[in-house]
Amino acid sequence: MKHASHFLNQDMMGEHINEKIYNAVAVITVAGIVAVTLTLLVLTIIGKA
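Under the numbering used here, the first residue of the sequence shown carries the number 1, and numbering increases by one thereafter.
Among these hints, one or two may not hold up.
Stated by the list, open to error - Distance ranges between label pairs, derived from CB positions:
hint : residue 1 : residue 2 : range
1    : Ile-45    : Glu-15    : 41 to 49 Å
2    : Ile-45    : Ala-24    : 25 to 33 Å
3    : Glu-15    : Lys-48    : 47 to 55 Å
None of these hints come from the bench; they were simulated from the model. The beta-carbon is built from N, C-alpha and C at its ideal position, and this holds for glycine as well.
Construct all of the structure, not just a fragment, from the sequences and the given hints.
Structure below.
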């Protein structure tokens with residue numbers, strides 16, 4: 001029963017779940033890039049100061 005319901009849930013909800021996962025990954029990736037960029041900028045400014 002668990003396997004059957006699992007497959008049914010994947011068929012009906014799979015696309016929505018995938019969209020949420022992709023959105024979450026995109027947000028985390030962008031946030032990570034911004035954090036690294038800001039960190040490098042701050043370190044550069046401190047290094048020049």
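Now the hints, each set against the structure:
no., hint, in the structure
1, Ile-45 <-> Glu-15: 41 to 49 Å, "holds (45 Å)"
2, Ile-45 <-> Ala-24: 25 to 33 Å, "holds (32 Å)"
3, Glu-15 <-> Lys-48: 47 to 55 Å, "holds (49 Å)"
Consistency with the previously given hints is maintained throughout, with no hint failing.
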